[in-house]
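Protein chains in written order, with the numbering used here: chain L, 1 to 330; chain A, 1 to 287; chain F, 1 to 392.
Keep in mind that the hints were calculated from the coordinates and are not lab data.
Predicted, not measured: the structure shown is a model, and the values here were computed from it.
Cβ coordinates follow ideal geometry from the N, Cα and C atoms, glycine included.
It is possible that part of the hints are untrue.
Away from chain A, derived, C-beta distances all over 10 Å, residues of chain F [claimed, not checked]:
(1) G37
(2) V161
(3) V384
Partial list, computed: chain F residues near chain L (C-beta under 10 Å) [to be verified]:
(4) S36
(5) G172
(6) H175
(7) L193
(8) D196
(9) V200
(10) V358
Covered stretches of chain F, as calculated for chain A (at least 3 residues, CB under 8 Å) [unchecked claim]:
(11) 59 to 66
(12) 106 to 116
(13) 204 to 218
(14) 251 to 264
The residues making up each chain are set out below.
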Amino acid sequence: MSNTTTTAIDPAAWIRRQSRWSALEVAFWLAALLPFYFFPTYLMLASQIAVAALFAISVDLILGYAGIVTLGHAMFFGIGAYTAGLLSAKAGWGEPISGLLIAGAMAGAVGFVVSFLIVRVQHLALIMVTLGLGLLTYELANAMSWLTGGTDGLRGIDIWPIFGLFRFDLWGYTAYSYTLAVLFLGFLAARRIVNSSFGLALRGIRENVRRMPAIGSPYRRHLQAIYTISAAIAGLAGGLLTQTTNTVALESLSFQRSADVVVMLILGGTGRLYGAVLGALVFLLVRDRLSGVNPQYWYFWIGLMLMVVVLFMPKGILGGLTRLAGRTKG
Amino acid sequence: MNANLVIVLFDGFAFGMLLFVLSVGLSVTLGLMNFINLAHGAFGMLGGYVAVTAMRQLGFPFLLALPTAFLAAALVSVVFERTLFRRLYRAGELNQVLFTIGLVFVSAAAATYVFGTGQQPIVLPDWLRGSVVVGELRFGVYRIFLIAMALAITALLVFGLERTRLGARIRAAVDNQRVAQGLGINVDRIFAVTFALGSGLAGLGGALAVEIVGLDPSFGFHYLVYVLIVVAVGGLGSVTGSFVGAALLGIGDVAGKYFVPEIGSFLIYLMLVAILLVRPLGLFGKR
Amino acid sequence: MTKTVFGAIALAVGLGWTMAATAQETVKVGVILPYSGPFADAANQLDAGIKLYMAQNGDEVAGKTIEIIRKDTGGPSPDVARRLAQELVVRDGVDILAGFALTPEALGAAEISKEAQKLMVVMNAATSIVTEQSPYAVRTSVTIPQLNYTFGKWAFEEGGVTQAYTLVADYGPGHDAESSFSKGFTEAGGKILGSDRTPVANPDFSAFVQRVKDSNPEAVYIFVPGGGQPAAIGKALVDRGLAPPDTKIFAQGELTHPEALESMGDTAKGIITTYHYTLERDDPLNAEFVAAYREANGDRAPDLFSIGGYDGMHLIYEALKKTGGDTSGDALVEAAKGMAWQSPRGPISIDPETRDIVQTVYIRQVEEVDGSLQNVILQEIPEVKDPLHGAN
């Protein structure tokens, strides 16, 4: 966890120190630009990894920082995806940036409503309520196939060029530039949130819910706020996927997607934002490489990887790397 | 109309019992041992494949294939428990989730490798096929058999856990490991036995379910959601809770589909969310 | 510095392109299928069809070597299918896109086929509109209306029933099946008593079957996806006494695939299905196909996916022969239009207008032949086109 072994120091100073950028972070984001130059045929994959990373960040905000384990977050991803798709297919509005913002806002609005239910339950009941709501949304979208296109997917999505200039090209230059930019902005926002006093209060809730009211922290309202923000970010991720692929289908709401994102997050390491990004990167990259070599059995190796990570890096890949780095430093 | 209601109740109860046999093992491992075993469905799948293979290749009768499925799943799970799972008891729930999901992936790939991607049909003996006609009502024989099996399992478990020495030890070991250890209970062994029991029940449930839901390598994923729903609704650590929860869900689902088919696919999830919002610990949950 | 690096890379990429263009001895075919996940079996069977055709016909056509590049979508994921199509085109430089077990995935990739001008061979996805999404799309499988509209007409005219109940899986293909069967049936003069839709992930059919029984129809029409459900619904019907000859059971052929028949046993007798491929059809070409397929796949029988893949490869081979190895999308799709051949399933052709398949629709009934249950052909309806093309 984020070295909370602080002695009595000024909290404002602690927050400032936490929010300082390290050279490693700068290097990381510069490295995200490498595909443009060195792997131009991997830009679509890079773009989908960026989408998954943003989605994983949204889950990290609630799971890693506020302790809300969810198996239904695809609900918000899908709402964002369908909102962006429907705007274009049914309302004829294909402008991407406004479309994306509307997608995020829509998912956030639904997230706000749902948050009233979420704060009422904990532990297994919490997981199962998120799962139930996720599956209900999936079935609802299937039942409303006149609107959503059902299993066949929504047709007729046509996204206009970004700023009227950059068309979504076959190679994915525009797609990756766009998703990477949104991922970076989303990350900045999330980073800002977790390094604020609000973020600290959330960690307090994660560590001990009962104690928070005692120190005057309105934990329910805090939980609702972070849940809403997380839903909105998940909606942005969904909207991005629709806009960069011109497709949206029921799969965007599926249990599989909810479970995959949690797997990516735990794999990378929870409660550290970069874990979300790293988890998405490793999971999807390994999956792409393995399934290219062995389309039928790749998931054997993925499964093995997950098990090995748990046994040897109980805090995820990022946790393992940090420990390794700490050890080499002495 | 009344006759139909009887049939719908019967079918719903039988469906509930199918859910029960699939999930009762998890209510043992998750409920008693607090181990989040998402690979529960994978042990069910193992039981299914063992039963089908035993019947087709070795010519086992169905009634012998069932205990074979139980034993196979229990044995395999003990090996896993001793070598891998035991390291995870204190590793936190997220690590348990990740590890067991990984195991589901591996088991699905292994099943594909060994048995192929196709459906594995099970051929029941004649006496379990068809239906019994009472007046104008027809009751499926296999459904009656399922109900009987579920009742037997419930009775054995409730009796075993609450009335026997082993049951007392299990409860002691999971309640407070240190004290149990101090009282001379071999906690390690008790955990292994409990885990084997839960996984064996999964294997048995898998074998019983093949006739109704089929069997292919995606079995482990497919029924995970249903199994979790039953355990959550029933309440952790309560076999009776799982039984009542499963019966309620089954009847609610079938009756709902019968009377209001338009919302058929929503019902089970609606019931789940509604029950948990009213009773977050489940119907019979204690903690 | 970065500029020179970029320049060098661009040059290398450019060289790669020209090299690919000059090294014309291979034709790359990108196959996109859900090799893993819930539809792995469909992908597996389809792929076995592709492999068998190549094993029988060699991998050289028109002086070029066919190279297959397989990509897994992992389930119904149109976004992944689209990305894979994109990558196959820009990274691997494929000449032909093929596979497509699922409609949403075919729809996702169709746009790439259109933009990159690559032939797209749809080897399964069965919704009518698929071929309308790209001018380079050709289908070698079947469409659901093709089978079921025809079947609906037959059910009234030859099947001897005047009213029926429909029970279909609640998703795209199920809806198509329901509407096209009902259309054929009512146009011929029949009456639909009621229609229900079962959830796609539905482990128990008892409630729906009871509803069917309540309305006491002469026949019930079923559509469920393949896999475990056919046997389950078949048994649920029979358990409640909804069985031939009292109540006729009509369905698309998935209901009586070999594993389902084995599981249902004698209770399956008398079920009438419509399909474009019949495993036991007495025909030398088919017998040879089935024997070779069983030998290559551990005695597993071919099914609709296998035949779609097999005929899809035939189309690719023949089109390449016709163009003399020209792999441009325009040349290949022109060569495919109007192509006709004898397939193990019977005579088939590609409609030059819609690029969709034209084939015989078989109406079959489950009967016991030499001690085992089979789908015995009752009637053959030749040269059926998809009734929906041009309709909307």
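Check your understanding: Holds or violated: H175(F) as interface residue toward chain L, Cβ cutoff 10 Å?
Key -> holds, 7 Å
Check your understanding: Count the residues of the segment 59 to 66 of chain F with a beta-carbon closer than 8 Å to any beta-carbon of chain A: does the count reach three?
Key -> violated (count 0)
Practice item. May I ask you to test the interface hint for V200(F) with respect to chain L, counting a Cβ-Cβ separation under 10 Å as satisfied? Key: holds, 8 Å
Review point. Does V358(F) pass the interface check with chain L, least Cβ-Cβ distance below 10 Å?
Key: violated, 23 Å
Point to revise | chain A covers the segment 204 to 218 of chain F, three or more CB atoms within 8 Å, holds or violated | key: holds (count 7)
Check your understanding: How about D196(F): closest beta carbon in chain L under 10 Å, or not?
Key -> violated, 14 Å
Review point. According to a criterion of three or more residues whose C-beta lies within less than 8 Å of a C-beta of chain A, is the segment 251 to 264 of chain F covered?
Key: holds (count 4)
**Study point:** Reported absence of G37(F) from the contact zone with chain A (all CB gaps over 10 Å)
**Key:** The claim breaks: G37(F) does not keep its Cβ more than 10 Å from every Cβ of chain A (closest is about 7 Å).
**Study point:** Hint validity - S36(F) Cβ closer than 10 Å to any chain L Cβ
**Key:** holds, 5 Å
Exercise for review: Go through the hint on G172(F) and say holds or violated, using the shortest Cβ distance to chain L against 10 Å.
Suggested key: holds, 4 Å
**Study point:** Status of the hint placing L193(F) at chain L (closest C-beta pair under 10 Å)
**Key:** violated, 23 Å
Point to revise | Whether chain A covers the segment 106 to 116 of chain F (at least 3 residues having a Cβ closer than 8 Å to its Cβ atoms) | key: violated (count 0)
Against the hints set out earlier in the document, violations occur for numbers 1, 7, 8, 10, 11, 12.
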